Amino acid sequence: MSLRLFKRISLALGLGAATLTLSACDGVSVGVGYGYDPFYDSMLWNDYYRRDVNVGINPPDRPNRPDRPTRPDRPKPPVAKPPARPKPPTARPPAARPPIHRPSPRR
Amino acid sequence: MRLFSGPILAACAAVWLGGAGSAMADTPATYTEDGRALFSFNVPDFWLLRTGGPREIEDTELGDPRAVARVMGLRPVTDDTVWMGFVSPAGVATIQDGIRYLQDIDKFLVNDPTVTSTSDTRIGGLPARVFRGTGRRDGTGLSFTATVIDLPSNRVAIAVAILRDGANPDYADDLNDVFASFRSRQ
Numbered sequence: 001m002s003l004r005l006f007k008r009i010s011l012a013l014g015l016g017a018a019t020l021t022l023s024a025c026d027g028v029s030v031g032v033g034y035g036y037d038p039f040y041d042s043m044l045w046n047d048y049y050r051r052d053v054n055v056g057i058n059p060p061d062r063p064n065r066p067d068r069p070t071r072p073d074r075p076k077p078p079v080a081k082p083p084a085r086p087k088p089p090t091a092r093p094p095a096a097r098p099p100i101h102r103p104s105p106r107r
Numbered sequence: 001m002r003l004f005s006g007p008i009l010a011a012c013a014a015v016w017l018g019g020a021g022s023a024m025a026d027t028p029a030t031y032t033e034d035g036r037a038l039f040s041f042n043v044p045d046f047w048l049l050r051t052g053g054p055r056e057i058e059d060t061e062l063g064d065p066r067a068v069a070r071v072m073g074l075r076p077v078t079d080d081t082v083w084m085g086f087v088s089p090a091g092v093a094t095i096q097d098g099i100r101y102l103q104d105i106d107k108f109l110v111n112d113p114t115v116t117s118t119s120d121t122r123i124g125g126l127p128a129r130v131f132r133g134t135g136r137r138d139g140t141g142l143s144f145t146a147t148v149i150d151l152p153s154n155r156v157a158i159a160v161a162i163l164r165d166g167a168n169p170d171y172a173d174d175l176n177d178v179f180a181s182f183r184s185r186q
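Chain order of the listed sequences is A and B.
Read in this note's numbering, the first sequence has 45 at position 45, and its numbers run on one by one without any break.
Read in this note's numbering, the second sequence has 22 at position 22, and its numbers run on one by one without any break.
Everything labelled a hint here was simulated from the structure, so no lab data went into it.
What you are looking at is a predicted structure, and each value in this text was computed from that prediction instead of being measured.
Beta carbons: idealized from backbone N, C-alpha and C, even for Gly.
Each pair of labels, with its calculated beta carbon distance range:
1) B:Glu33 with A:Asn64: 33 to 43 Å
2) A:Leu5 with B:Arg50: 48 to 58 Å
3) B:Arg183 with A:Asn64: 52 to 62 Å
When you get a sec, could you build the whole thing from the sequences and use the hints?
Right, dumping it as structure tokens:
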């Protein structure tokens with residue numbers, strides 16, 4: 001009985017290990033993608049990423065970029081508190097009372 | 001019939017299927033401009049084709065806008081040691097103009113290019129000038145093949161194939177297959 005159990009466990013563990021081992025051979029992704037493609041960019045006549053290339057064009061004389069203005073301080077909130085909310089009026093409207101005189105009942 | 005015995009039939013079928021398979025496996029790609037087909041070539045199996053389109057690129061520092069024609073780039077899916085690109089720049093009409101265009105872009109493609117051989121040949125039935133040489137890029141050596149192919153109707157196709165040092169030499173066959181499949185579509 002214990003031999004049978006041992007066989008079963010070894011089969012299960014062995015299959016699991018084999019699955020993991022085999023799946024490791026299969027890459028997660030199919031290839032490295034097109035993230036960095038230097039030759040394509042170069043064939044675009046594109047020197048954005050390459051400052052070591054003399055393109056034969058001198059940069060035009062331009063004034064230097066002005067310094068970024070310093071950001072003004074944030075306005076502080078006023079110290080005084082805003083006025084309190086208006087309260088409801090104290091006086092209440094008079095309660096409605098039933099009329100004192102009633103029509104006399106029919107005779 | 002003895003001629004069509006089992007093993008022979010199987011061998012014939014394998015050759016037939018294999019031949020048909022390899023002949024049909026490639027993926028034709030056509031380079032067009034404004035809806036007009038200029039040329040076509042076959043993308044090898046398990047290669048990536050990246051295509052762009054006409055646009056203007058401006059250098060942020062120089063402020064020098066340049067019109068860029070469509071560039072088609074090819075490389076194996078799992079390997080970036082090999083690269084091949086096609087471009088047909090507008091306004092470049094002859095092989096001499098194409099050579100001048102190549103001289104303008106070669107310094108971007110390859111550092112310190114050294115041309116080792118120049119030859120005139122025919123690619124896809126069209127006259128072509130081929131430059132082979134070596135250079136460096138990103139710290140590694142490479143060998144390149146730059147080709148100017150004279151298309152009819154005053155255009156050229158410029159093909160650049162690059163093999164970095166250490167690339168699998170079998171990829172040269174793929175590159176040659178691409179050149180062999182080059183056809184004008186005009």
